[in-house]
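S.K.: Here is how the chains run, residue by residue.
2 protein chains.
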Amino acid sequence: MIVPIELLNTKTVSYDITIDALPKLSFDTKVVIVTNPTVSGYHLDKLLDMVDAKELSVVTIPDGEEHKTLETVERILNQLFERKLDRKSLLIAFGGGVIGDMTGFTASLYQRGIDFIQIPTTLLSQVDASVGGKTGVNNKYGKNLIGAFYQPKAVYIDPLFLTTLPKREFSAGVAEIVKMAVMFDSDYFDMLESSDLDDEDILKDVIKKSVEIKASVVNQDEREAGIRAVLNYGHTFAHVIENETNYTKYLHGEAVAIGIVMANRLAVELDMISLLEADKVTSLLQKFDLPTEYDISSVDEFYEHFFLDKKSANNSIKFILPIGIGNYCIKSDIDESIVKRVLSSFGVSG
Amino acid sequence: MIVPIELLNTKTVSYDITIDALPKLSFDTKVVIVTNPTVSGYHLDKLLDMVDAKELSVVTIPDGEEHKTLETVERILNQLFERKLDRKSLLIAFGGGVIGDMTGFTASLYQRGIDFIQIPTTLLSQVDASVGGKTGVNNKYGKNLIGAFYQPKAVYIDPLFLTTLPKREFSAGVAEIVKMAVMFDSDYFDMLESSDLDDEDILKDVIKKSVEIKASVVNQDEREAGIRAVLNYGHTFAHVIENETNYTKYLHGEAVAIGIVMANRLAVELDMISLLEADKVTSLLQKFDLPTEYDISSVDEFYEHFFLDKKSANNSIKFILPIGIGNYCIKSDIDESIVKRVLSSFGVSG
Chain B
1 MIVPIELLNT KTVSYDITID ALPKLSFDTK VVIVTNPTVS GYHLDKLLDM VDAKELSVVT
61 IPDGEEHKTL ETVERILNQL FERKLDRKSL LIAFGGGVIG DMTGFTASLY QRGIDFIQIP
121 TTLLSQVDAS VGGKTGVNNK YGKNLIGAFY QPKAVYIDPL FLTTLPKREF SAGVAEIVKM
181 AVMFDSDYFD MLESSDLDDE DILKDVIKKS VEIKASVVNQ DEREAGIRAV LNYGHTFAHV
241 IENETNYTKY LHGEAVAIGI VMANRLAVEL DMISLLEADK VTSLLQKFDL PTEYDISSVD
301 EFYEHFFLDK KSANNSIKFI LPIGIGNYCI KSDIDESIVK RVLSSFGVSG
Chain P
1 MIVPIELLNT KTVSYDITID ALPKLSFDTK VVIVTNPTVS GYHLDKLLDM VDAKELSVVT
61 IPDGEEHKTL ETVERILNQL FERKLDRKSL LIAFGGGVIG DMTGFTASLY QRGIDFIQIP
121 TTLLSQVDAS VGGKTGVNNK YGKNLIGAFY QPKAVYIDPL FLTTLPKREF SAGVAEIVKM
181 AVMFDSDYFD MLESSDLDDE DILKDVIKKS VEIKASVVNQ DEREAGIRAV LNYGHTFAHV
241 IENETNYTKY LHGEAVAIGI VMANRLAVEL DMISLLEADK VTSLLQKFDL PTEYDISSVD
301 EFYEHFFLDK KSANNSIKFI LPIGIGNYCI KSDIDESIVK RVLSSFGVSG
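Here the protein sequences come in this chain order: B and P. First residue of the first sequence? That's 1 in our numbering, and the numbers climb one at a time after it. First residue of the second sequence? That's 1 in our numbering, and the numbers climb one at a time after it.
Treat the hints with caution; some may be incorrect.
One copy or two, either will do: identical chains are not told apart, so a pair holds if it fits within one copy or between any two.
Said to hold, decoys possible - Here are the simulated PhoX-like cross-link-like pairs (lysine-lysine), alpha carbons at most 20 Å apart as the crow flies:
hint, residue 1, residue 2
1, K318, K84
2, K140, K340
3, K140, K84
In case anyone wonders, no lab produced these hints; they're calculated from the structure.
Okay, chain B solo, but in the shape it has when bound:
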């Protein structure tokens, strides 16, 4: 006997990403803002001015990647239960990638899922992390290893919040922008080379372009069965670097910058990109004071760490590599010795 089950009204998910001054937001449900002390210190007053709700409260969680854990999510959940949120309630993620990832994950778990919206306040989360519904936490085995695909109901990107962002964090966000450009759009790359991101209008255009690329990729492949993996360009290396340095030495975007340089050097080795093009990418990263060197103490250990990455299915490593600037390739059959030779060039001597 077989009974088939088919969910007829599983709806296509859609939402808007608004890149502009934050509008007035009004809800006739309970709303909880999840934020951290830094963002809250600078901008919470403004957000509270703009949000109207049946009952509005704020949960503040500690700043930093090291707090992106299941324990913190459980603490947020407990706060929601104490406030007796129901299934119609809404969370607002107000902060950078850590806040967005954890708030979205919490929203996915609370009573099997309540709505949330993203109001990203860092460049990295504005151009990348807040769009596309990847949520989750880290654990001792690696980054983002526990989580859910769970889309926000809306994303509001207000560049004004970037005015208080430390220069180093701004640059970290640029790394993800460079990633999008190298993978998908050489015109965008050229634009970045000549753009002054201190100019408000130019910055807005740059953010918009990045969000458009991200949205188009997610639209095609929400669950990373194919093209979405391309957004992990640089990340296969970056995750190992972050793990080796306990998530403390580098900001995520900084590790991605190094990872991009590593991926490019591998692509040069495989004749997929010219040395000149690889150098252009490195120069662009350096223009924003991003790190492009890393001392690998043990190439074997570094290589071994690849296998904990989510993308390493069935013991093969998927490398996301550029083909020139503006095109990508996913390769999972690269000989171990080639990868290790490239890694060796990042040895102690730099």
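Got chain B sorted already, so can you dock chain P onto it with the hints?
M.R.: What follows is chain P alone, placed relative to chain B:
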């Protein structure tokens, strides 16, 4: 500036529920069976005989609702990371509702989601819990308050596993069957009144009917925005009872049996069902030695506890009530005094 996002290839989920002797299952990925000591003691050998995998291992977790916690899920997750499961790996839930809910939830979380299949071994999980993708855990605030909607890839229901099920647990499963019949199908109810569930073929037909009802409800409303809430008939009361008795005195199905009687008495009070019909339901429950009485020590406290239920949106309690036998009604506007009067009839005097 607004960038719309629309996930074009969010696929309709579909899978088969097989009610028959467990077939040979073969996978070319890593497979982890999650089970408990009781089920494993009786039936693991048989399952291991039927499952072929690239790498097969077993995670055993303690038996009982009190272990259905985020902590246990984290322990399972850690076991999966130790075994280096990748995104193509698969979990098999082999046990009752607790195992199914936690295994499905774990599968939803591991690397943002890997496949799982259900092989339910209790009557309750065979006729109800294993179908429809509700996963999750309890916490101090209540039952199933943290979780995900996450569908299995397949469900294999083999009545053979029921031969070792304690009589009390078998009866607990019958409570959910009675629930389906009273809500959706008076012929099914009549059939249950006259059926001998010790007969293997009859039992199989009864299971199939229940699974068909469940599948049809889930097909219409996966996320419980409407009709799926009808499956909570009896549960609004049962959750309070389980909470008050610390999940130890009653099996879930037993609490549901009492909850059904309570809901019916409320329906009688509202002239939605006759006393005769309500008594017929009570008699059917009693035929399977299910409890139908409960001593409410404080009606006010009992009533207060309703509001922690997930279904109690915006401080109104949704009661799922029968209209005669075979039809349902969702009512959220019942006067507090009427509910309390009905609850009072379950006072210390019984």
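S.K.: Please go over all the hints and tell whether each is borne out by the structure.
M.R.: Cross-check of the supplied hints:
no.	hint	result
1	K318 / K84	between (44 Å within a copy, 16 Å between copies)
2	K140 / K340	neither (25 Å within a copy, 50 Å between copies)
3	K140 / K84	between (32 Å within a copy, 13 Å between copies)
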